[in-house]
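If you follow the hints, you should be able to join the two separate chains into one complex; please do so.
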Amino acid sequence: MTDPQQPKDAEVEDAESADESGPPSSRDPMAALLKRSFEAPAAKKAAPSILGGVQRRIRKRSRGKFFADGWSTSDARVSHALIAGAMLLILVLSYFALGPVGVQ
Amino acid sequence: MALPDDPDTRLIDRLVARDERAFNELVRSYEGRIVRLLTRMVGNEEEAKDLAQDVFVQVFKAVGTFRGDSKFSTWLYRIAVNLCKNRVKYLRVRHANEREELDSVTEKSLGDARPAGGQGLGRPDEQMAGKQVERIVQVAIQELEPSFRECLVLRDVEELSYEEIEQITGLPAGTVKSRIHRARAMLREKVERELGEKIR
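Top to bottom, those sequences are chains A and B. Just so it is clear: in the first sequence, position 99 is 99 by the numbering used here, and no numbers are missing. Just so it is clear: in the second sequence, position 162 is 162 by the numbering used here, and no numbers are missing.
A few of these clues could be false.
[Stated by the list, open to error] Just some of the chain A residues that point at chain B, by a computed CB distance under 8 Å:
id, residue
1, 25
2, 30
3, 35
4, 37
5, 38
6, 50
7, 51
8, 53
9, 63
10, 66
11, 86
12, 91
If you are wondering where the hints come from, they were derived from the structure by calculation, not from laboratory data. Predicted model only: the values in this text are computed from it and were never measured. Every residue gets a Cβ at the ideal spot worked out from N, C-alpha and C, and that includes glycine.
So here's chain B without its partners, still in its complex pose (with noise of 0.2 Å):
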């Protein structure tokens, strides 16, 4: 289970009563998780944080509303999934989804890291073709369906269970786990056809 240590009650009483020492505390322990969960899902560092922003506005305006049913952090995920989720859609109808920062830096490592003839990886720096495999699987992981990258991405990067992403998804338990499987399924396949080799 990697989701943080969650408030103390008396943090969540401040919050409610709308400390504003209480809420800055609140910001400076979750930030980092939240702009890195976010970064995962949108794929760009800047769009993350502006989101990151618009989170941590809704829960000072929602935490009245938080009753305790679920931990507390588990609510704030929700609210990031479900603000990530509507900003998806809203890039993706502007067609603003460049995902410049990530296909600028694709477009050069592919063409570095894709092997000729697809024959695997080049040699000998082993290194360099390890962070380019790991370009090629954050570039195929914004290809996959929103929907499906954000139960793999809480699963295998955020490391949750399962219980704690259907509360964040809203999704049933088979839902999220047949998404996390065939996500997990498309993510290989994309990223094997990349490297022209199979991922052991």
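Next up, chain A with everything else stripped away, as it sits in the complex (with noise of 0.2 Å):
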């Protein structure tokens, strides 16, 4: 960077700060070249969650103080209303087969 040619500090600085208004890529073509570049790619795939392998580190360094079961934190509303109605249909049968039906 010490290169005679190349532009001061203060010259760079001037030209960047004459440049603020507005993103980048509507006034300087390089610019618009680069955000197309890696805009595409990343339009392309919906990439898996991370969640799973940010609790299992977590849990892993808080040696199972936080996310200390897998399934409980995985924020999935299916499992809730799943394990919900599985409760709810043990309940009804306990009390069929335990309860004073038919006994007169």
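Shown next as structure tokens:
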């Protein structure tokens, strides 16, 4: 960066400062090309969540203090509904199995 | 300004109180942006995902130290950029930064995209040529000095303001501006050399 051909810092700062309004991609063709180059691959794929991996790392590093069980912290509402339904079913079955149904 | 909306103070309070569900919400809201940012910085998606997990672990550990002086998203980006710097250094030392993903693509694409005699992009398939140019840019940016690449990505790809970049990188305004300007010039030079034509 000591090349005498290079513009001085102050000149460079001025050039950048003059460009402060709006996104750089709207003014500089290189910035536009750069943005386009990185937006295209990002838009293509919806990456799978890293949440599970993050929870595992926290669980390991906290020695089980946080995110102690994998399933209850998964944030998936379906699992809660399933558990609630299963519990309800067990209660109803228990009631009919143990209760005084049909005894006269 | 491209920084995402900040989580409300209630969510931050829940995070500070170590609410695991609040943390799940936070990860889901920000993981896409953080992984994309890190992929642009390290040039390898798998490495970026691994790094992003470390970023959120760090956030979980350090959220109590967030004082609200800056936006939460700025604070989060700062953690990501700092961890990224350390990882890039580590990878360099280990000679592990092969950039397999981009390199393998590039070797092929440069061969195809580089016009014979450097007389401009080959036709007739312009769409294909456009993709090859994009790949050339993706590879060229990985060849920049990491400190320059970081500023350029934050400005030109993430479209953050100079003030936000100063807060994220901890660099003074003048340094940020001069790095962006020079990084853009270096990138332009590399890309034009590969393409054999001027970018207009």
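Here is what the structure says about each hint:
no.: 1; hint: 25; verdict: 7 Å, holds
no.: 2; hint: 30; verdict: 5 Å, holds
no.: 3; hint: 35; verdict: 5 Å, holds
no.: 4; hint: 37; verdict: 4 Å, holds
no.: 5; hint: 38; verdict: 5 Å, holds
no.: 6; hint: 50; verdict: 5 Å, holds
no.: 7; hint: 51; verdict: 5 Å, holds
no.: 8; hint: 53; verdict: 5 Å, holds
no.: 9; hint: 63; verdict: 14 Å, violated
no.: 10; hint: 66; verdict: 6 Å, holds
no.: 11; hint: 86; verdict: 21 Å, violated
no.: 12; hint: 91; verdict: 26 Å, violated
In this structure, the earlier hints numbered 9, 11 and 12 are contradicted, and the remaining ones agree with it.
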